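Chains as they are written, first to last, in the working numbering: chain V, 324 to 619; chain Z, 3 to 142.
You can take every hint at face value.
Here's a subset of chain Z near chain V, in silico, CB distances under 7 Å, partners left out: (1) P14; (2) R16; (3) V17; (4) T42; (5) F44; (6) L45.
Just so you know, the hints here were simulated from the structure itself, not pulled from any lab data.
If you're wondering where the values come from, they're calculated on a predicted model, not measured in any experiment.
Glycine included, each C-beta is placed from N, C-alpha and C at the ideal position.
The lines below spell out each chain.
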Amino acid sequence: MATLKDVKNKIKAVRKTRQITKAMNMVAASKLRGAQERMESFRPYARKFAEVLGHLAARAGEGAHPLLAPREEIRAVHLVLCTSDRGLCGGFNTNLIEKAQAFYREKKAAGIPCSFTAFGRKGRNWCRKMNAEIESEHLGIMGTAVKFGEAQGAARTLVEGYLAERYDQVWIVYAEFLTVARQAPVLRPLLPVPPIEQVAREPGAYEGWLPEHLCEPSAAALLGEMLPRNVSVQLYRALLETSASEHAARMLAMDNATKACNDMIHNLTLAYNKARQAAITAELMDIVGGAEALKG
Amino acid sequence: MAGTIKLEIVTPERVVVSEEAQIVTAPGTLGEFGVLIGHTPFLTALQTGAVRYLDPQGGEHFVFVSGGFAEALPDRVTVLAESAERRRDIDVERARAALERAQKRLAEQRSREAVDFARAQAALQRALVRLKIAEKSRPQ
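If we strip away everything but chain V, and leave its shape as in the complex, we get (with noise of 0.2 Å):
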C-alpha cells in the first residue's frame, strides 16, 4: 500500500497551496482598502467637475465644441481597453475582454477600423492575438496607486487622435466596481462627449446661479478646456474603478480557493486514516489468524 505515504504528500501539498491562496486573499484584502479610498477621495473633484460642466454646457449648447458633436460619418473606431496585469482573479480578464471582443467583432463586420488603447497586460496580450492595431500600451500602473498624470496623459493622446481624424469614435471597456462582490464589465463611449447630464447640487447650496453667472474667459472657452479635462476625469475614474474591481475579484477568487483547498484537506485528511485503519486492521488479522494456528 504505497498509497498512505502518496495521500500523505498530497495532504501536504494542498496545504502550501492554501498557504499561497490565504496569503494573496489577505493582501488583495489590503489593497483593494487603498483602491477603494483612493476612489473615495476622488468623488468630490468629480462631482464638483461634472457639476460644473454640466452647467456650462447647458449654456453653450450643443455643437458649441468639436468634442461634443457626434460625426455623422464613422470611419474608424477606437477603444480603451482597462484589464488587469495579473492572473490568478477569477473571470475578471476573461469577462472583460469578452465585452470588448464583441465589440471588436461588430465593427469587423461592419468593416470599421478599430484601434486600441491598452491598460494593462491581459488586455495587451489579447490586443496582439487579435493582430489589432495597438495605438498605446499602459503596463504595470493597473492594480497599483494611479496617479491622475496617467489617465492625463493617455487621455491628451485620445484627444489629439480623435480631433486629428484618426478615428471618429472612442469607446471605452472597463469594470464597474458595484460592490465587493460583484464587478460588471461595461462598456461607455467615451468621445463624443455625451451629451452631458445636469447635476444636482449638492442639498443645500446656493440654488440660482445659471443666469447671472459670470464666466472668464467666457463659458465657451471654459468649456474648451473643461471638455479635455473631462475625457481624463472620466478615464481616471474607469482606471480606479478597474484597479479595485480587480483586487476585488482576486480577494474572492483567493476566497473560494481557500475554501476548496479546505474541501480537499478534509476528505485526503478522511481517505488516509480510512486506508491507515484498513492497514492496521489487516495486520491484527495476521496475527491473530497465526495465534489461531500456532494453539490449534
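We have chain V; now place chain Z onto it with these hints.
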C-alpha cells in the same frame, strides 16, 4: 467682517483644503481676483499660481495650484486643480530640481517642437511659483 466663506480646494487625488476663510484671492487667467462673502456667482479658469486666504483668526495661508478652475458663490469658493499643495507641503528640493531640468530643456530645445517647448515652459512656471510660495514661509 460680515462673515466667512467656505473654501474648498480639491484635486483628483485628495481634498487639500476645506476651511472657513475671511477672504480668498486666486490667480484667474484674466488676472488675480479676490472673493469676500456675498460674491456674485463667478466661474474662471486659473493660472499656475498661489491661492491666498485668511483664516477666521487672521492667519495668512498660501496654497500652490496648477491647472484648474475656481467657482465662487456667495457663500463658498471651490477650486478644482490638477495639483495643489499647501505651502508647508511643497517639496523645495524637488521644485529646485524641476526648475533646473526645465531650464536645461528650454535652453537646448528652442528649435524643437512647440509642444515640448510649451510643456517645459509650463514646468518652469510651476517650479518658479512653488519656490516663490515656499520662500514666503521663511521667518523674516
